[in-house]
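Peer 1: One-letter residues, chain by chain:
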Amino acid sequence: MSFRKTISRLALAAALLGGLGSVAAKADGEIYFPLQSYRVGPYAAGGTGFFGGFIDYLNLINERDGGVNGVKFVWDECETEYKVERGVECYERTRSTHQPAGPAAYNPLSVGIAYALIDRATSDKIPLITINHGRTDSTDGRVFPYVFPLQLNPWSEASATVNYIGQQLGGLDKLAGKKIAVLYHGSPYGKETIPIFDLLAKKYGFEVTQIEVPHPGNEQQAQWLTIRRLKPEYVVLRGWGVMNPVALKTAVKTGFPVDHIIGNVWSNSEEDVIPAGDAAKGYVSVTTHPSGTEFPVVKEIVEKVYGKGVGNLEDKGRIGSVYHNLGIVNGILNVEAVRIAQAHFGNRALTGEEVQWGFDHLVLDDKRIAELGATGLVQPLQVTCADHEGGGAVKFQQWDGKTWNVVSDWVASDRALLRPLIEQSAEAYAKEKGIQLRDCSAANPS
Amino acid sequence: MTDLTLSQPRQGLPAWAGRLPVALLLAVAFGVVPFVGDQYLFDAILVPFLALSLAGVGLNLLTGYAGQVSLGSAAFMAVGAFASYNFILRIEGLPLLAGLALGGVTAAAVGLVFGLPSLRLKGFYLAVSTLAAQFFVQWALTKFDWFSNGNASGVITAPPLTVLGISFDSSVGRYLFSLIVVALLTLAAWRLTRSEIGRSFIAVRDRDVAASSLGISVLRVKLLAFAVSSFIVGVAGALWAFAYLRTVEPAGFDLDRSFQILFIVIIGGLASIRGAFLGAGFIVIFPLILSRLGQALLGDTFDSGVLENAQKIVVGGLIIAFLIAEPAGLSALVARLTRRNLN
Amino acid sequence: MDFLLEVLVGGLLSGVMYSLVAIGFVLIYKTSGVLNFAQGAQLLFAALTFVSLVEREVPFVAALAITLGAMVVIGLAIERFVLRPLVNQPPITLFMATLGLSYVIEGASQLLWGAQVHGLDLGIDDAPIEAAGIFISQFDLFAAGIAGAMVLALVLFFRKTRTGLAFRAVADDQVAALSVGIRLPRVWVAVWIAAGVVALVSGLLWGARLGVQFSLSLVVLKALPVLVLGGFDSVAGAIVGGLLIGAAEKLAEVYIGPLFGGGIEGWFAYVAALAFLLVRPSGLFGQKLVERV
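Chains as they are written, first to last, in full-length UniProt numbering: chain D, 1 to 446; chain Z, 1 to 343; chain S, 1 to 293.
Hint data in this document are derived by calculation from the structure and do not stem from the laboratory. Note that this is a predicted model, so its numbers are computed, not measured. Careful: at least some of the hints might be erroneous.
Claimed, not checked - Here are the simulated BS3-like cross-link-like pairs (lysine-lysine), alpha carbons at most 30 Å apart as the crow flies:
#1 Z/K143 - D/K83
#2 D/K203 - D/K174
#3 D/K125 - D/K402
#4 D/K395 - D/K179
#5 D/K203 - Z/K143
#6 Z/K143 - D/K431
#7 D/K304 - D/K231
#8 Z/K143 - D/K433
#9 D/K174 - D/K231
#10 Z/K122 - D/K202
#11 D/K174 - D/K281
#12 Z/K143 - D/K179
#13 D/K367 - D/K299
#14 D/K231 - Z/K143
#15 D/K125 - D/K72
#16 D/K72 - D/K308
#17 Z/K143 - D/K178
Please model the complete structure; the sequences and the hints are all you need to start from.
Peer 2: Listed below in structure tokens is the structure:
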């Protein structure tokens with residue numbers, strides 16, 4: 001259709017080639033974040049928000065502070081469309097650039113890409129950050145020194161959700177004899193928490209029914225009719241993409257109260273509820289960080305980044321949205337890790353290995369969070385050599401048709417219960433791969 | 001109406017003209033590339049290129065030679081990858097290559113089952129029914145975690161690439177490993193197309209009824225085509241998983257991948273082994289060039305989303321333009337060009 | 001018993017939605033032998049254009065008219081720049097061209113309207129009404145009504161108008177149609193426009209069900225088994241096939257699914273269609289789709 005146009009565009013590109021020459025190599029006194037972003041395709045709405053927030057925060061540090069301890073951040077974007085092989089290509093394209101320091105960390109925000117990078121990043125000694133997602137067992141830093149499922153892994157999320165339901169019912173002991181249905185996306189991501197819900201059901205004596213929705217999830221009549229027959233007290237929604245609004249709409253169609261559906265961390269954004277329209281009113285979901293623009297750090301981004309016209313989001317209405325704020329939180333965690341590593345290695349551009357040390361020793365307490373202007377936005381966090389999650393708490397929010405309102409305080413997960421299972425799974429992986437466990441006994445005296 | 005008449009097989013090129021460049025290419029691929037390439041070239045371009053080329057060769061046997069269209073190639077890749085993984089994991093001391101071969105055999109068996117409808121269905125009816133394989137396999141691999149050795153995330157990780165005590169676990173190693181496997185299987189496929197079996201494939205493609213009157217069992221030939229093709233596609237899947245991505249989940253073998261392989265076959269040229277490589281080159285490398293060019297030239301003006309969408313339009317438009325200009329594929333184009341140069 | 005009935009009704013209502021998409025395929029295939037995979041992209045483009053216009057405060061009717069206009073233009077362009085140059089090419093080549101086309105349309109819609117997701121409110125409530133003890137969604141009833149009306153309109157169009165007659169002549173026998181002076185390109189244009197209209201209607205209805213977002217283009221996968229069952233060239237087959245597939249899929253998910261741990265809907269429809277063809281090789285309406293070997 002626009003074939004002629006594209007030809008002329010190509011010709012233009014070729015003409016420019018002569019004039020521009022090669023892109024200037026970046027100076028090496030900078031900290032480099034290669035971004036495997038996705039602004040196209042089915043998950044583009046999440047990608048633009050998250051990477052927009054991450055870039056906005058890096059820009060804020062550059063604009064306001066002149067970088068971290070005088071070292072500026074640089075980044076470039078490589079589009080993945082959320083496809084694994086494109087993410088891998090982006091990784092290979094960037095992994096040895098910006099020498100001598102090289103990339104500080106990778107933040108793909110994609111389960112599939114993260115899996116494919118675990119081996120690569122580990123052997124290249126570059127941290128791989130999978131905030132709020134990723135392999136649960138990569139929490140075990142003894143086996144996965146370079147992988148960081150910061151804040152919340154999927155199992156902690158499941159545990160915290162059950163704790164919240166217990167709270168709503170008036171105590172965990174009230175869970176006994178109740179029914180909970182889990183509606184999950186038919187993918188490895190969706191299945192990841194099946195054993196944990198079973199375990200928690202046994203522990204608290206509730207009855208759990210786990211129902212799969214085949215990808216992409218645009219038809220859920222059968223599943224919701226099953227739920228209707230089951231009459232559970234709560235439905236936990238572990239959705240992704242189009243599955244979320246369809247779940248909410250079908251719930252309404254089959255007469256299930258939406259305020260008894262609890263969405264997980266990938267069912268909790270504006271993009272998940274807006275397509276459902278009125279059907280989403282009253283829906284509750286997990287979040288690791290509230291949305292909204294009232295946090296000082298977000299205000300500063302509006303003022304100092306968007307004020308100067310370098311903001312990344314095209315639609316300013318999305319500032320402070322769930323994905324944008326997640327990007328900002330991700331920015332804060334990455335920058336703090338760099339700061340901590342600099343305190344140890346010196347105020348300069350750092351190698352991936354040095355940044356890994358920073359993540360391994362990442363501590364965010366209430367005081368530091370307040371200094372960052374992020375009180376209530378980021379949870380206190382202590383990452384150690386053995387524990388690469390560090391947080392494990394969530395808040396719950398409710399959609400009123402226009403915005404998300406936080407309806408709970410931090411709800412912790414039962415990390416003591418989960419830890420042995422995580423270690424068991426990680427050790428099995430280590431055995432399969434012949435990995436020597438890292439000794440963490442001396443690393444973090446705390 | 002439903003019959004997918006396919007292009008004629010290429011003929012008429014002098015025999016040496018076909019073989020000399022291949023020998024030359026192989027010499028370069030084995031003798032020069034390993035010494036001059038860097039990690040990016042191996043890990044991000046050549047290894048996926050080789051794996052997809054092999055998948056293209058496999059599908060071309062089925063679609064190009066035997067005339068049966070399949071939209072389920074990615075499913076057979078997945079079967080090959082997961083089966084190889086399980087054989088190597090569960091049979092102590094099983095050599096890697098034997099694991100790959102067993103994975104291919106499993107894929108062939110699955111291909112045989114999903115090829116059964118071809119006995120009654122033709123054209124698009126068959127093509128759409130192969131989607132059953134696509135969705136069923138992905139579902140089964142995700143559903144039953146035995147396939148991924150109980151991994152909660154449903155992913156498998158590559159076994160060490162060691163053959164006869166030689167480790168191929170480096171960039172060059174993985175490239176060489178893929179190259180050897182691909183070269184051997186391609187040679188086998190090429191021999192097959194020149195054999196009695198290959199001719200029976202073509203006979204069935206061109207005219208079912210006539211073929212059966214010539215004493216060819218159409219039923220057997222079609223199933224054989226599905227089995228052989230799925231074997232090769234399955235090994236390609238194992239290469240994709242072990243040598244390229246190294247950690248894969250079933251979702252990596254989705255419908256888009258099936259379409260990608262079909263594109264490789266159509267753009268490269270039906271019933272042409274060389275076409276599969278040309279097609280894979282186009283599908284793997286061309287978008288990369290486009291994306292890097294776009295980023296280098298216009299990256300400062302537009303964000304990556306705009307560039308990517310523009311790139312999508314360009315790729316789609318070029319595919320259409322190419323199908324209009326050269327419906328017989330890149331291999332026909334190359335054949336014409338070489339012939340012109342020779343004259 | 002009530003529950004079974006509820007599943008059945010829900011399945012039939014979903015099935016109507018599948019039929020809607022399937023009809024778009026049938027229209028094109030019947031006249032030009034193309035399995036138009038770009039149908040999903042067209043549907044996405046229509047819904048996205050409409051909803052973006054409405055969000056920019058264009059009145060409902062005007063937005064509908066503009067989108068319709070855009071779909072007509074796209075239909076014309078496809079006929080002129082894709083289909084006509086590829087005439088007489090093998091069906092597989094045409095199929096791949098429509099795949100390429102879907103990249104172009106998907107890229108263009110996102111370039112034009114962005115990657116944001118949108119809600120689409122057609123003013124019909126989702127809430128169920130109770131009839132004879134079972135719950136039926138108002139929206140699904142409404143969608144079924146619209147789909148039915150559109151099918152009726154298409155049938156009338158093809159039976160009562162000159163273009164419709166020409167369409168049927170071409171579908172029956174291209175050579176004969178040419179020899180009596182029917183101009184093929186004109187019929188193609190009409191058909192691609194009609195398919196554009198179908199894409200618009202199904203885009204709006206599916207858009208209201210799913211929200212308007214990229215995944216909308218994936219609904220074609222729901223229509224393909226319907227086509228295998230009902231035949232690529234039968235409007236009646238698309239309708240009956242859609243109903244059968246919808247009902248079978250839901251019943252299977254609810255009653256058979258739990259045996260395997262659920263989630264079987266994705267492939268069950270294809271297997272069901274195949275099984276049906278094996279039992280009754282002539283298909284739903286006796287098309288010549290299966291050939292002896």
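Peer 1: Hints the structure violates: just list their numbers, smallest first.
Peer 2: Result: hints 3, 7 and 10 break, sorted rising.
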